[in-house]
Amino acid sequence: MNRNRIFTRDEVHHIVAENEQRRSKLLTLDVIRWCDLPWPMLRKPETPEDITLGGIDGYVRNPYHPEQGRSERDRVKDHIKYWHPDRFETKLLPRVPEEEQEMVKTGAGIVARTLNELMSSVG
Numbered sequence: 001m002n003r004n005r006i007f008t009r010d011e012v013h014h015i016v017a018e019n020e021q022r023r024s025k026l027l028t029l030d031v032i033r034w035c036d037l038p039w040p041m042l043r044k045p046e047t048p049e050d051i052t053l054g055g056i057d058g059y060v061r062n063p064y065h066p067e068q069g070r071s072e073r074d075r076v077k078d079h080i081k082y083w084h085p086d087r088f089e090t091k092l093l094p095r096v097p098e099e100e101q102e103m104v105k106t107g108a109g110i111v112a113r114t115l116n117e118l119m120s121s122v123g
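All residue numbers for the sequence shown refer to UniProt numbering, where the first residue is 1 and numbers rise by one.
Don't read these hints as lab results, they were simulated from the structure.
Please note that the accuracy of each hint is not assured.
[Said to hold, decoys possible] Distance condition first, Cα-Cα at most 27 Å in a straight line; then the derived BS3-like pairs of lysine-lysine:
no., residue 1, residue 2
1, K91, K44
2, K44, K105
3, K91, K105
4, K81, K105
5, K25, K105
6, K91, K25
7, K25, K81
8, K77, K25
9, K77, K105
10, K77, K44
11, K81, K44
12, K25, K44
13, K91, K81
14, K77, K91
[Said to hold, decoys possible] Cβ pair distances, simulated, as ranges:
no., residue 1, residue 2, range
15, E100, I80, 37 to 45 Å
16, T90, Q68, 14 to 22 Å
17, E98, E67, 15 to 23 Å
18, Q21, Y64, 17 to 25 Å
19, L93, I6, 32 to 40 Å
20, Y64, Q101, 31 to 39 Å
21, H13, E98, 32 to 40 Å
Virtual Cβ for every residue (Gly too), placed ideally from N, Cα, C.
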């Protein structure tokens, strides 16, 4: 797949809806794996190294994002709350299998730091 291709409005809407479903489903899962998490990116990361500022920015502030009625700042804030380490490490990480915990914790940490960096650049 061409990593530089631009996603259509329908594709962005589908990915965002899929992530919302993943968020809801996490509440019911006894075991959470890397692939179950609603990573805030259009291309799902396979490793923590795949999580980038550009990837997260391209998801949260995408011009086709279905929540265009909300400010970019509010969208970033919502993601910061969801990925905040205190919340993530107490509510979700304990349900991640031990063999994936380090990778998931690292990925979530990158997401949280990147979202905070994004927050400083939105109006």
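Each hint tested on the structure:
1. Taken as a hint, the K91 and K44 pair is honoured in the structure, with Cα atoms around 22 Å apart against an allowance of 27 Å.
2. For the proposed pair K44 and K105, the alpha carbon gap of about 16 Å is at most 27 Å, so the pair holds.
3. For the hint linking K91 to K105, the alpha-carbon distance of about 12 Å falls within 27 Å, and the restraint holds.
4. Straight-line distance between C-alpha atoms of K81 and K105 comes to about 16 Å, which keeps the hinted pair within the 27 Å bound.
5. Annotation: proposed proximity of K25 to K105 holds, straight-line Cα distance about 19 Å (limit 27 Å).
6. This hinted pair checks out: K91 and K25 have alpha carbons roughly 14 Å apart, not beyond 27 Å.
7. About 18 Å separates the Cα atoms of K25 and K81, which keeps this hinted pair within 27 Å; it holds.
8. The straight-line distance between the Cα atoms of K77 and K25 is roughly 21 Å, inside the 27 Å bound, and the hint therefore holds.
9. The straight-line distance between the Cα atoms of K77 and K105 is roughly 20 Å, inside the 27 Å bound, and the hint therefore holds.
10. As the CA atoms of K77 and K44 are separated by approximately 21 Å, the hinted pair is consistent with the 27 Å bound.
11. Pair hint K81 plus K44 holds up; C-alpha atoms about 20 Å apart against a cutoff of 27 Å.
12. For the hint linking K25 to K44, the alpha-carbon distance of about 17 Å falls within 27 Å, and the restraint holds.
13. The suggested pairing of K91 with K81 holds, with an alpha-carbon distance near 13 Å, which does not exceed 27 Å.
14. Between K77 and K91, the direct Cα distance comes to roughly 19 Å. Compliance with the 27 Å bound is thereby established for this hinted pair.
15. At roughly 23 Å, the beta-carbon separation of E100 and I80 lies outside the given 37 to 45 Å, and the hint is violated.
16. Taken as a hint, the range 14 to 22 Å is violated for the pair T90 and Q68, whose Cβ atoms sit roughly 32 Å apart.
17. E98 and E67 have their C-beta atoms about 36 Å apart, which leaves the hinted 15 to 23 Å range violated.
18. Between Q21 and Y64 the beta carbons are some 18 Å apart, a value that agrees with the proposed interval 17 to 25 Å.
19. Separated by about 34 Å at the C-beta atoms, L93 and I6 satisfy the suggested range of 32 to 40 Å.
20. Between Y64 and Q101 the C-beta distance comes to about 34 Å, which sits within the given range of 31 to 39 Å.
21. For the pair H13 and E98, the supplied restraint of 32 to 40 Å holds, since their beta-carbon distance comes to about 36 Å.
In this structure, the earlier hints numbered 15, 16 and 17 are contradicted, and the remaining ones agree with it.
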